[in-house]
Amino acid sequence: EPEVTQTPSHQVTQMGQEVILRCVPISNHLYFYWYRQILGQKVEFLVSFYNNEISEKSEIFDDQFSVERPDGSNFTLKIRSTKLEDSAMYFCASREARYEQYFGPGTRLTVT
Amino acid sequence: AQSVTQPDIHITVSEGASLELRCNYSYGATPYLFWYVQSPGQGLQLLLKYFSGDTLVQGIKGFEAEFKRSQSSFNLRKPSVHWSDAAEYFCAVGADSSASKIIFGSGTRLSIRP
Numbered sequence: 001e002p003e004v005t006q007t008p009s010h011q012v013t014q015m016g017q018e019v020i021l022r023c024v025p026i027s028n029h030l031y032f033y034w035y036r037q038i039l040g041q042k043v044e045f046l047v048s049f050y051n052n053e054i055s056e057k058s059e060i061f062d063d064q065f066s067v068e069r070p071d072g073s074n075f076t077l078k079i080r081s082t083k084l085e086d087s088a089m090y091f092c093a094s095r096e097a098r099y100e101q102y103f104g105p106g107t108r109l110t111v112t
Numbered sequence: 113a114q115s116v117t118q119p120d121i122h123i124t125v126s127e128g129a130s131l132e133l134r135c136n137y138s139y140g141a142t143p144y145l146f147w148y149v150q151s152p153g154q155g156l157q158l159l160l161k162y163f164s165g166d167t168l169v170q171g172i173k174g175f176e177a178e179f180k181r182s183q184s185s186f187n188l189r190k191p192s193v194h195w196s197d198a199a200e201y202f203c204a205v206g207a208d209s210s211a212s213k214i215i216f217g218s219g220t221r222l223s224i225r226p
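So the protein sequences, as listed, match chains A and B.
Numbered per the numbering used here, the first sequence spans residues 1 to 112.
Numbered per the numbering used here, the second sequence spans residues 113 to 226.
Next up, chain A with everything else stripped away, as it sits in the complex (with noise of 0.2 Å):
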């Protein structure tokens, strides 16, 4: 069965660094998400990627965050100057048109 995958599985940075967290959604399908959970809290929707541009994105996709699918298969994340507050467990999951979405093991980030 396709599956997403993700990696690194864990990232540890130092604050101030730049992190490109990967992503590889299922081969067929269209639109792209990232999310994160910080430990112990729900999972929050950072951003929806649809035909090369950015759907929407949420209050915490601020200009420190970028996304990009460079070459067709993946699709990135980047944390520009990371801080510590962006600790947190990082998911990225694809969509078909219409169907629900499928989530990755998800990259552990923390930032020390």
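Careful, some of the hints might be misleading.
Below, a list of computed lysine to aspartate or glutamate pairs in the EDC-like style, where the Cα atoms sit at most 16 Å apart [stated by the list, open to error]:
1. LYS161/B x GLU100/A
2. LYS42/A x GLU96/A
3. LYS83/A x GLU18/A
4. LYS161/B x GLU96/A
5. LYS42/A x ASP120/B
6. LYS83/A x GLU96/A
7. LYS42/A x GLU85/A
8. LYS42/A x GLU200/B
9. LYS173/B x ASP120/B
10. LYS173/B x ASP197/B
11. LYS78/A x GLU53/A
12. LYS173/B x GLU200/B
In case anyone wonders, no lab produced these hints; they're calculated from the structure.
Computed from a predicted model, the values in this text were never measured in an experiment.
Guided by the hints, dock chain B onto chain A, whose structure is given.
Just chain B now, kept in the frame of chain A:
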């Protein structure tokens, strides 16, 4: 605005007992409703979904949920829980539009008493 409320933060049930996890949503139109399960340190696994049609939906692992429009609820049930069901359960709502995000509830942590 869409929102999801899971009023129970933590529930403990005995193995073999029945389970019901509550979920209420707020959405102006017909919602897409989901239940996801998350084991510690793991990702989100879809248990079941409601898009339209029969309001009682069956999912994986013996779970079911019933959509009640009049009560704006989508409660998750299982007739007999197993120790392996211990996890965090998230109810979620999405809109009927192509790029729509999913809004998650705050989750209910399920513990199983041996």
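Against the structure, the hints:
1. LYS161/B x GLU100/A: holds, 8 Å
2. LYS42/A x GLU96/A: Since the Cα atoms of LYS42/A and GLU96/A sit roughly 24 Å apart, the hinted pair is violated (cutoff 16 Å).
3. LYS83/A x GLU18/A: holds, 10 Å
4. LYS161/B x GLU96/A: holds, 15 Å
5. LYS42/A x ASP120/B: holds, 14 Å
6. LYS83/A x GLU96/A: Cα-Cα ~33 Å, so violated.
7. LYS42/A x GLU85/A: holds, 15 Å
8. LYS42/A x GLU200/B: holds, 10 Å
9. LYS173/B x ASP120/B: Violated - the C-alpha atoms of ASP120/B and LYS173/B are around 21 Å apart, more than 16 Å.
10. LYS173/B x ASP197/B: holds, 9 Å
11. LYS78/A x GLU53/A: Status holds; Cα separation ~15 Å.
12. LYS173/B x GLU200/B: Holds, at about 15 Å.
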